[in-house]
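Q: Chains as they are written, first to last, in this note's numbering: chain A, 1 to 424; chain B, 1 to 424; chain C, 1 to 424.
It is worth saying that the hints were derived from the structure and are not from the lab.
Fair warning: there could be bad hints in the mix.
[Claimed, not checked] Far from chain A, some chain B residues (derived; all Cβ distances over 10 angstroms):
1) I16
2) R26
3) E63
4) W125
5) M231
6) H272
7) H316
8) L322
9) K362
10) L382
11) D389
12) N402
[Stated by the list, open to error] One side of the interface only, derived from the structure: several residues of chain A facing chain C at Cβ under 8 angstroms:
13) Y121
14) L355
15) E357
16) P358
17) Q359
18) L382
19) N383
20) C388
21) M392
22) D399
23) I401
No residue lacks a Cβ here, since even glycine has one placed at the ideal position from N, Cα and C.
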Amino acid sequence: MLGYKIYGLCKELFPINRSLTGDGVRETLNIIKREIPSLKLYEVPSGTQCFDWSIPQEWNVKEAYIIDPNGNKICDFSTNNLHLMGYSIPVNTSMNLDELNNHLYSLPDFPEAIPYITSYYKKKWGFCISHTERQRLEDGTYKVFIDSKLEDGYLTYGELIIPGKTTEEIFFSTYICHPSMANNELSGPAVVTYLAKYIKGLKERRYTYRIIFIPETIGSIMYLSKHIDVMKKNIVAGYNVTCVGDNNAYSYLPSKYGNTLSDKAALHVLKHMTGNFKSYSFLDRGSDERQYCSPNINLPICSVMRTKYGEYDEYHTSLDNLDYISEEGLNGAYEIYIKIIETLEKNYTYISNTLCEPQLGKRGLYPTTSTKDTHNVVKNMLNFLVYCDGDMDLLSIADKINVPIWDLYETIEKLNEKDLIRRE
Amino acid sequence: MLGYKIYGLCKELFPINRSLTGDGVRETLNIIKREIPSLKLYEVPSGTQCFDWSIPQEWNVKEAYIIDPNGNKICDFSTNNLHLMGYSIPVNTSMNLDELNNHLYSLPDFPEAIPYITSYYKKKWGFCISHTERQRLEDGTYKVFIDSKLEDGYLTYGELIIPGKTTEEIFFSTYICHPSMANNELSGPAVVTYLAKYIKGLKERRYTYRIIFIPETIGSIMYLSKHIDVMKKNIVAGYNVTCVGDNNAYSYLPSKYGNTLSDKAALHVLKHMTGNFKSYSFLDRGSDERQYCSPNINLPICSVMRTKYGEYDEYHTSLDNLDYISEEGLNGAYEIYIKIIETLEKNYTYISNTLCEPQLGKRGLYPTTSTKDTHNVVKNMLNFLVYCDGDMDLLSIADKINVPIWDLYETIEKLNEKDLIRRE
Amino acid sequence: MLGYKIYGLCKELFPINRSLTGDGVRETLNIIKREIPSLKLYEVPSGTQCFDWSIPQEWNVKEAYIIDPNGNKICDFSTNNLHLMGYSIPVNTSMNLDELNNHLYSLPDFPEAIPYITSYYKKKWGFCISHTERQRLEDGTYKVFIDSKLEDGYLTYGELIIPGKTTEEIFFSTYICHPSMANNELSGPAVVTYLAKYIKGLKERRYTYRIIFIPETIGSIMYLSKHIDVMKKNIVAGYNVTCVGDNNAYSYLPSKYGNTLSDKAALHVLKHMTGNFKSYSFLDRGSDERQYCSPNINLPICSVMRTKYGEYDEYHTSLDNLDYISEEGLNGAYEIYIKIIETLEKNYTYISNTLCEPQLGKRGLYPTTSTKDTHNVVKNMLNFLVYCDGDMDLLSIADKINVPIWDLYETIEKLNEKDLIRRE
């Protein structure tokens, strides 16, 4: 159970103030680089054109708070970075409550929660506050202080290429642009960090792995604009990893047409590893699959999550905190992705070397004592062999004969040893 | 609401004695020509060979009745033209009731209805009578008088070609061969007349429209025999318009394989415009789609109706009268066909001009205040854009993202203005 | 009803001791040859290599029994050949009950049944006994005597080629390697014998018929190894005929991908001939379809059965006897296969000779009096004609318009006579 380590990483990253850009992103990526030293960090200057978009200015915050008419400091950024609207411009002024209210955001339906609000592309300032606290605010003069900087700088991201035997790639993308929230988003980079460790630890890798830690939307657009050619050429499967921390049901969000190897592997693993899981439509998408599946990009990217963004009350509030996620939740998602990686690595196409069934008995492959277990092993072996005519890869055969692909690994090893099958 | 005008046209046409041929057809077509003056009338001589068929003789009737033993005139054609079997040969004779009964047609299950009977291709005569009246007939001598003419003449039909920007055609076919019955058939030519007015009134037309008013079966066979080459080359969608007058549920009868643009547009409009509708199989066909979908013809013709021919008790009787249809019923069918025309005209294939999502905000396409409505507009815009890779036309995308195509027109206009999409 | 003759053949063949090889197989094949004299018998020497397998030694038995401590003869092969494990080596020795028990086989769950056990590829000996009898065995010394011979010899099989107009073939395979059991297996060769008589009796045959009587598994592998090229080239449909004797529901076991002409014809006939039937998955296969559908073989072979092997309690025991099968059961399966043969023979592709519907009336094809029956005849004729554009064969059209193919034979004859259709 790696869950407690993954949870520990979430906990360490939790207090940092992340946004599209800024020192909080750098700090986050450096902690991840400590875990996977071969991670490379890149800086893209503000104003760089990326398809239809351009890299925004860099945003950093020293202090931000409000002093109420009684002299109490409220909405203090140093207490909870959600209090400050993301990308708030600097302010140092006073105003009455009416005026201040134009800059306050709260959620009447979830009165204890501080909402998460940003204004990346329109210059504004604002504070987020629990509705309960907001209702206690009295008339009078409020001092508003935001010591932020919004200036030309860099967008920072991390990239890890783990080479394999072939240039064909498996792609993982996760984002590091949200302040103190746990399921969306820290579960994503934390699980991917441990997936990267696992992949690096593999004795051999069929595929090359491309793993990126980017800010959502602008980050994936930027990354695509730099690497689209090699990505379209090499990526055979990929996943946008987000919301993988809570311990509720699993979720699946398909790629654009739902028919890629990524989808097939995800569905196979979810079917055989989980009691049940929730299937969404691509129309329910809301994260970087929006970019990865856009016209002329059309990468084979789908998503396996625990509870999907937007589908839980705590989403985008201060209640999406370290209590909302759990070691079990993180570990479950990690295990699913490990199984998906294994599935992709093992998914070759095999061809039978014999015409008709081989005689299993003379090779010791037919059990001499017959139990239900040995019966199933032989049945799976014959079912696998009968479809080994090069039309279907292993995953397709496993789906066809309705067994987990991992139940066939030993069978394949034995048949390989006896030279009864070959890889296409 | 054009329903009252369409109903008025039905009412005006109702008393006329139509058949495959004859002056009633000419009178009907001339009234329609008054509404759409560019309608061209054609006369095809009796005996003209049309594929496996030949044009029958022309039939006209001056008078027809029976004098009962008490001297009363019954089954008087001048009272209700349904009393006379269609294509009855001239008769002037007397006979007893037994003999007469061989020439009488009534419906024991619908005792008040006069049935509609014809004998186009076998020379016969007969009278149709309500079963109630028939049961009152007494023994005695009956005088039978039919002053009809069956002689070489012409089959008359109307054709209207409304040119558009391209030679590709939308086709409407309706029939004008039934005497005084309202749903089957006058609703058909009346609705098509008003569709023709609407089409002529369009500021611009992408498609050329081919609209014909013909007798059923022999008329469509004749028309196909003259125009099959151009029809196969140009027609992209078409509809056989019949039984569009009552105010009950809508019906859909597919083309031969149910997979044409005509079917797709009809199903899309019916799904989004009506609460529900009845789907028939092509095996339930019974009108001119029999010819339009025959081997080596295979035109993309389907049918949207109100209550389908053969599926209501009043069908092919005197009870299919002006009370059976209504302004609302006619108007509803008219509106459906208008929406189908609009759908076909608007159904282009669009390609996104950007890689990844465009930045909507900087073009004012992302609402600054967020309500559920604006959320849906943006969601539809992004859903539309993500499928704009040239594989799917607009109608397919609307089906895929499950919105009425007309909800996307404004989106497309905006995206066009901002040069974010182009037509394929 | 041929059922009683087919049952009679089962009864005659029942007592013979069949196995993969040996005189019992020869005797069985000679009785079948008496029924169909053109059957050719072949002998394949022991040790002949057949793909991954080789022909085993020939096995023959003179006597086999056990003498119990009281001097009684038990497990006497001459009473029931199931008492002796198939391919038992010769033995002449004494032992106590403990030691003997290692060589006894019984079924605690079916205490009255003698099980059917073989050891073809490992040299062993054994006796099969009802569990009831086994429990009565007392301690003491048992004399065991098996006078069998296992030595180089031959595998014997029968082949019948019935030529047709074309070299395209319909294939029937059935097996003759089980001792005294009725549904699995004697129903198979008995029904196939009568199918062969029927086929030979046909006035004309479109297809050539290849019919084989072989031992299961090694027999089909051997036959494929000799004839794979011609079989792959010529066979258009084929069936493995087994378990066709009981009077329970029908069963269908598809070919590997379930999409061949064999499957289509079988499903069509089962649908229209039986109230319902049980559909299995190819994964449930267990007979020679294992070989016929193996990679690079992939013949279009499926199976229509009554109760499938392995799916009835009596299977592979002495209770699968002449009481388990019946004249009705055999006759039903025979009739299904006759209908399948007829379906395949009649399944041409037709093309309409007219554009639009032909005028049926002028050719006397349109009934002058209209009843429900005549209505259906005309409806089927028009439905058939509308799909006669060369894309679908007759069977596909019958499926499409949902009528038994045999309801269209008369229609086709009439349309042919009137020159309204032609064969593709």
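Q: Take the hints in turn and mark each one as holding or not.
A: Consistency of the hints with the structure:
1. I16: With a cut-off of 10 angstroms, I16 of chain B remains clear of chain A, as the shortest Cβ separation is near 53 angstroms.
2. R26: It holds; R26 of chain B is separated from chain A by about 55 angstroms at its closest Cβ, greater than 10 angstroms.
3. E63: At about 68 angstroms from chain A, E63 of chain B clears the 10 angstroms cut-off, so the statement holds.
4. W125: holds (65 angstroms)
5. M231: holds (35 angstroms)
6. H272: Non-interface label on H272 of chain B holds, nearest chain A Cβ at 17 angstroms vs cutoff 10 angstroms.
7. H316: holds (47 angstroms)
8. L322: holds (47 angstroms)
9. K362: Since the minimum Cβ distance to chain A is about 7 angstroms, K362 of chain B lies within 10 angstroms and the statement is violated.
10. L382: Nearest chain A Cβ is 7 angstroms from L382 of chain B, so the label is violated.
11. D389: violated (4 angstroms)
12. N402: violated (8 angstroms)
13. Y121: Interface hint status for Y121 of chain A: violated (54 angstroms vs cutoff 8 angstroms).
14. L355: With Cβ-Cβ at 5 angstroms, under 8 angstroms, it holds.
15. E357: holds (6 angstroms)
16. P358: holds (5 angstroms)
17. Q359: holds (5 angstroms)
18. L382: Because about 7 angstroms separates L382 of chain A from the closest Cβ in chain C, which is inside the 8 angstroms limit, the hint holds.
19. N383: Hint on N383 of chain A: holds, closest Cβ of chain C at ~6 angstroms, below 8 angstroms.
20. C388: Result: holds, 5 angstroms to nearest chain C Cβ.
21. M392: violated (10 angstroms)
22. D399: Status violated, d = 12 angstroms.
23. I401: holds (6 angstroms)
Checked against the numbered hints given earlier, this structure breaks hints 9, 10, 11, 12, 13, 21, 22; the rest are met.
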